[in-house]
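> Based on the hints, put chain B in the right spot on chain A.
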Amino acid sequence: MTQEPDLREALLAAVPGLRAFAISLAGQVDRADDLVQDTLLRALSNLHRFERGTNLNAWLFTILRNLFHSEYRKRRREVEDPDGVFAGRLKVHPEQGSHLDFEDFRSALFELPSDQREALLLVGASGFSYEEAASICGCAVGTIKSRVNRARIRLAAMLNVEDVDDLGPDTMTRAALQG
Amino acid sequence: MTGDKGNKLPRALPRTSLDGTLGTRAKLDDGSQKRIGDQLRAMYDELMQQPVPDRFKDLLDQLDKKKAGSQ
Chain A
1 MTQEPDLREA LLAAVPGLRA FAISLAGQVD RADDLVQDTL LRALSNLHRF ERGTNLNAWL
61 FTILRNLFHS EYRKRRREVE DPDGVFAGRL KVHPEQGSHL DFEDFRSALF ELPSDQREAL
121 LLVGASGFSY EEAASICGCA VGTIKSRVNR ARIRLAAMLN VEDVDDLGPD TMTRAALQG
Chain B
180 MTGDKGNKLP RALPRTSLDG TLGTRAKLDD GSQKRIGDQL RAMYDELMQQ PVPDRFKDLL
240 DQLDKKKAGS Q
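Just so you know, the protein sequences line up as chains A and B, in that order. For the first sequence, the residue numbers in my numbering are 1 to 179. For the second sequence, the residue numbers in my numbering are 180 to 250.
If you're looking for bench data, these hints aren't it; they were derived computationally from the structure. Just so you know, even glycine gets a beta-carbon here, dropped at the ideal spot from N, CA and C. Each hint should be verified, as a subset may be incorrect.
Unchecked claim - Pairwise CB distance ranges (calculated):
| no. | chain 1 | residue 1 | chain 2 | residue 2 | range |
| --- | --- | --- | --- | --- | --- |
| 1 | A | Ser45 | B | Asp209 | 43 to 53 Å |
| 2 | B | Lys213 | A | Leu47 | 38 to 48 Å |
| 3 | A | Ser114 | B | Val231 | 42 to 52 Å |
| 4 | B | Val231 | A | Leu47 | 17 to 27 Å |
| 5 | B | Lys213 | A | Arg8 | 34 to 44 Å |
| 6 | B | Asp224 | A | Val141 | 25 to 35 Å |
| 7 | A | Ser146 | B | Lys236 | 38 to 48 Å |
| 8 | B | Glu225 | A | Asp115 | 42 to 52 Å |
| 9 | A | Lys145 | B | Asp240 | 32 to 42 Å |
| 10 | B | Pro232 | A | Arg75 | 14 to 24 Å |
| 11 | B | Asp209 | A | Gly53 | 33 to 43 Å |
If we strip away everything but chain A, and leave its shape as in the complex, we get:
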């Protein structure tokens, strides 16, 4: 069975999205690229399981996510690498837009529990629907929705972007402090 050339193109076209997701999950470009490579290899050896006409991207993201989680569980048993933290390692292309804003955002993103982070990345950045994200993560749509919502709220609190006025208790507190 030969590979159709358009499949190669489709896989190649999926790489930037997979990399962005992998980097945002793993926090390290090296590790992320290994994840993407393993994802492509696994996809190619399991092509017979892919249903033509369904969403290739969602299928690839599912593979990558599962690889990440099984590898992560494995790594947690190993000694923690203090140099491997996200903030220090993501400076791959500092010349391409060294936005300090992004640094803040990235560190906040990595403060999130990983299930919330991945849900937010899939829905808010990778462009998947709640339903697709639920299928990628193997959970209920409602679970994804609540993870995304909690992720946004936590980020807003960490980055202080929220308009505090809509929170009753705080308005009362400020009134009390001013009074």
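Leaving out everything else, chain B in the frame of chain A:
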């Protein structure tokens, strides 16, 4: 101790109600949600625009050749 109203501030900060189970019912206002979304996409776009490393092109090329050669 009821007279001690010295330091209630930490408990009254909004983030105490934002964590944990209460977070599922809380909802961000549209403006904050948009700002979070914009920052997320901006960060992501930067990652998406990075050139695809050659190793992936090589990998897919190699597999093409291997398949063709094994026929």
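> Look at each hint and say if it fits the structure.
How the hints compare with the structure:
1. For Ser45 (chain A) paired with Asp209 (chain B), a C-beta distance near 45 Å keeps the hint of 43 to 53 Å intact.
2. Our hint of 38 to 48 Å for Lys213 (chain B) and Leu47 (chain A) holds, since their Cβ atoms are close to 40 Å apart.
3. Distance hint for Ser114 (chain A) and Val231 (chain B): a CB-CB separation of about 26 Å, inconsistent with the stated range 42 to 52 Å.
4. Roughly 20 Å separates the CB atoms of Val231 (chain B) and Leu47 (chain A), a value that falls within the hinted 17 to 27 Å.
5. A hinted range of 34 to 44 Å holds for the C-beta pair Lys213 (chain B) and Arg8 (chain A), which are about 38 Å apart.
6. Range check, Asp224 (chain B) to Val141 (chain A): about 26 Å between beta-carbon atoms, so the 25 to 35 Å window is met.
7. Distance hint for Ser146 (chain A) and Lys236 (chain B): a CB-CB separation of about 39 Å, consistent with the stated range 38 to 48 Å.
8. Take Glu225 (chain B) and Asp115 (chain A): their Cβ atoms lie about 24 Å apart, and the range 42 to 52 Å is violated.
9. Between Lys145 (chain A) and Asp240 (chain B) the C-beta distance comes to about 41 Å, which sits within the given range of 32 to 42 Å.
10. Taking the beta carbon of each, Pro232 (chain B) and Arg75 (chain A) are about 22 Å apart, inside 14 to 24 Å as hinted.
11. Between Asp209 (chain B) and Gly53 (chain A) the CB atoms are about 37 Å apart, so this pair conforms to the stated range of 33 to 43 Å.
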